[in-house]
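The listed protein sequences derive, respectively, from chains A and B.
So for the first sequence, the working numbering puts the first residue at 1; every next one is plus one.
So for the second sequence, the working numbering puts the first residue at 1001; every next one is plus one.
Since the hints were derived computationally from the structure, they do not count as laboratory data.
Warning: the hint list may mix true and false statements.
Here chain A is said to cover these stretches of chain B; the calculated rule only asks that three of the stretch's residues, wherever they fall, bring their Cβ under 8 Å from a Cβ of chain A [stated by the list, open to error]:
#	segment
1	1097–1104
2	1134–1144
Which chain A residues stay away from chain B? Per the calculated CB distances, all over 10 Å, these [to be verified]:
#	residue
3	Arg6
4	Val16
5	Thr24
6	Asn43
7	Ala91
8	Lys98
9	Ser125
10	Arg144
11	His156
Computed list of lysine-lysine pairs in DSSO-like fashion (alpha-carbon distance at most 30 Å, straight line) [unchecked claim]:
#	chain 1	residue 1	chain 2	residue 2
12	B	Lys1087	A	Lys98
13	B	Lys1078	A	Lys10
14	B	Lys1042	A	Lys87
15	B	Lys1087	B	Lys1025
16	B	Lys1042	A	Lys55
17	B	Lys1153	A	Lys78
18	A	Lys153	B	Lys1087
19	B	Lys1010	A	Lys126
20	A	Lys36	A	Lys2
21	A	Lys78	B	Lys1025
22	B	Lys1098	A	Lys87
23	B	Lys1126	A	Lys25
24	A	Lys126	B	Lys1042
25	B	Lys1078	B	Lys1036
26	B	Lys1078	A	Lys126
27	B	Lys1126	A	Lys153
28	A	Lys42	B	Lys1042
29	B	Lys1153	A	Lys54
30	B	Lys1025	A	Lys87
31	A	Lys78	B	Lys1087
32	A	Lys153	B	Lys1153
33	A	Lys2	B	Lys1126
34	A	Lys153	B	Lys1002
Computed from a predicted structure; not experimentally measured.
Glycine is no exception: its CB is placed at the ideal position from the N, C-alpha and C atoms.
There are 2 protein chains.
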Amino acid sequence: MKISFRSVGKTNEAYVNDGISDFTKRIGRYFPVEWKFYPVPKNSQHLPTEGQKKKEAEMILSTIHPDDFLVVLDENGKQFNSVALAKFLQARANESRKQVIFLIGGAFGVADAVLQRADFTWSLSKLVFPHQLVRLILAEQVYRACTILNNEKYHHE
Amino acid sequence: MKISFRSVGKTNEAYVNDGISDFTKRIGRYFPVEWKFYPVPKNSQHLPTEGQKKKEAEMILSTIHPDDFLVVLDENGKQFNSVALAKFLQARANESRKQVIFLIGGAFGVADAVLQRADFTWSLSKLVFPHQLVRLILAEQVYRACTILNNEKYHHE
Chain A
1 MKISFRSVGK
11 TNEAYVNDGI
21 SDFTKRIGRY
31 FPVEWKFYPV
41 PKNSQHLPTE
51 GQKKKEAEMI
61 LSTIHPDDFL
71 VVLDENGKQF
81 NSVALAKFLQ
91 ARANESRKQV
101 IFLIGGAFGV
111 ADAVLQRADF
121 TWSLSKLVFP
131 HQLVRLILAE
141 QVYRACTILN
151 NEKYHHE
Chain B
1001 MKISFRSVGK
1011 TNEAYVNDGI
1021 SDFTKRIGRY
1031 FPVEWKFYPV
1041 PKNSQHLPTE
1051 GQKKKEAEMI
1061 LSTIHPDDFL
1071 VVLDENGKQF
1081 NSVALAKFLQ
1091 ARANESRKQV
1101 IFLIGGAFGV
1111 ADAVLQRADF
1121 TWSLSKLVFP
1131 HQLVRLILAE
1141 QVYRACTILN
1151 NEKYHHE
């Protein structure tokens, strides 16, 4: 099962890049893993928020296959604890999923069309984080989940 | 009102240090701000968890003044959203508090004695984060709260 992290916007800023690279490498011991960045659609900065989200949604949805398991990070989603995230990943592997996608939307969140395609909508916290920091938190949590599934020492309650 | 971030253990690791430094500097535009690190008590690695927490608690409590407002970060605390955090800070300023302390405990959380002294116990998320990452999240959220209080552009819902 491959893990695909996807995010709209610039590649990683320096202040999170070392951490993201490190945790992503570590995830690679357990699952094939990648990061894909969707560019902010051209000239969309001048569109109203909904128009911008719609353009992003078209681009995103064109790259999602019907059998991908799509997790969208959204503040209105359901919260997990770290053990529940581990169980969630295990359940996807048990279903023989080929790919789990974790998608971080653009600056204004994701369009309804993307939320409708989502197999699961996940909220990291009630707090709003910058997208760069969400990437780091996401990579760390997925790495943590891998160590939980393998009974390794990294996580303790 | 001064904001004092406190954490048990090593100073910042490279992977979070740039972000913490940057957000802390930015907070400094709104409030006097500092980071204080409590060393892990000597030889405590060989103590059982409760003994280690007790030693840490003695050290921490000896540095807290009666009129400090102590916020302890703990996974069993109450969650805020970012706007509520801003209101919380404003309420402390309105009370003319001299200092608000945000305390991140040691590897095994904080002892009951510290939780009893706490004026507020705050949970960032249901997820467990490494302490280094908690520092970065905390600095970013307090900076975000400052921008919310000043109607600046950084935060949008």
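Here is how each hint holds up against the structure:
1. 1097–1104: violated (count 0)
2. 1134–1144: holds (count 5)
3. Arg6: Holds, since 20 Å exceeds 10 Å.
4. Val16: With a cut-off of 10 Å, A/Val16 comes too close to chain B, as the shortest Cβ separation is near 7 Å.
5. Thr24: 12 Å, holds
6. Asn43: For A/Asn43, whose nearest Cβ neighbour in chain B is about 20 Å away, the distance exceeds 10 Å, so it holds.
7. Ala91: Since the minimum Cβ distance to chain B is about 18 Å, A/Ala91 lies beyond 10 Å and the statement holds.
8. Lys98: A/Lys98 clear of chain B: closest Cβ-Cβ about 26 Å, beyond 10 Å.
9. Ser125: Violated, since 4 Å does not exceed 10 Å.
10. Arg144: Answer for A/Arg144: violated, closest chain B Cβ roughly 7 Å.
11. His156: 7 Å, violated
12. B/Lys1087 to A/Lys98: 45 Å, violated
13. B/Lys1078 to A/Lys10: 33 Å, violated
14. B/Lys1042 to A/Lys87: 37 Å, violated
15. B/Lys1087 to B/Lys1025: 21 Å, holds
16. B/Lys1042 to A/Lys55: 57 Å, violated
17. B/Lys1153 to A/Lys78: OK: B/Lys1153 and A/Lys78 at ~27 Å, within 30 Å.
18. A/Lys153 to B/Lys1087: 38 Å, violated
19. B/Lys1010 to A/Lys126: 28 Å, holds
20. A/Lys36 to A/Lys2: 13 Å, holds
21. A/Lys78 to B/Lys1025: With Cα atoms ~33 Å apart, A/Lys78 and B/Lys1025 exceed 30 Å; violated.
22. B/Lys1098 to A/Lys87: 45 Å, violated
23. B/Lys1126 to A/Lys25: Measuring from Cα to Cα gives roughly 25 Å; hence the hint holds.
24. A/Lys126 to B/Lys1042: 37 Å, violated
25. B/Lys1078 to B/Lys1036: Answer holds: B/Lys1078 to B/Lys1036 is near 24 Å, not above 30 Å.
26. B/Lys1078 to A/Lys126: Roughly 11 Å between the alpha carbons, so the hint for B/Lys1078 and A/Lys126 holds.
27. B/Lys1126 to A/Lys153: 20 Å, holds
28. A/Lys42 to B/Lys1042: 57 Å, violated
29. B/Lys1153 to A/Lys54: 23 Å, holds
30. B/Lys1025 to A/Lys87: Given that 30 Å is the threshold and the Cα spacing comes to 39 Å, the pair is violated.
31. A/Lys78 to B/Lys1087: It holds: about 24 Å lies between the C-alpha atoms, which stays within 30 Å.
32. A/Lys153 to B/Lys1153: 41 Å, violated
33. A/Lys2 to B/Lys1126: Since the Cα atoms of A/Lys2 and B/Lys1126 sit roughly 25 Å apart, the hinted pair holds (cutoff 30 Å).
34. A/Lys153 to B/Lys1002: Since the Cα atoms of A/Lys153 and B/Lys1002 sit roughly 37 Å apart, the hinted pair is violated (cutoff 30 Å).
Against the hints set out earlier in the document, violations occur for numbers 1, 4, 9, 10, 11, 12, 13, 14, 16, 18, 21, 22, 24, 28, 30, 32 and 34.
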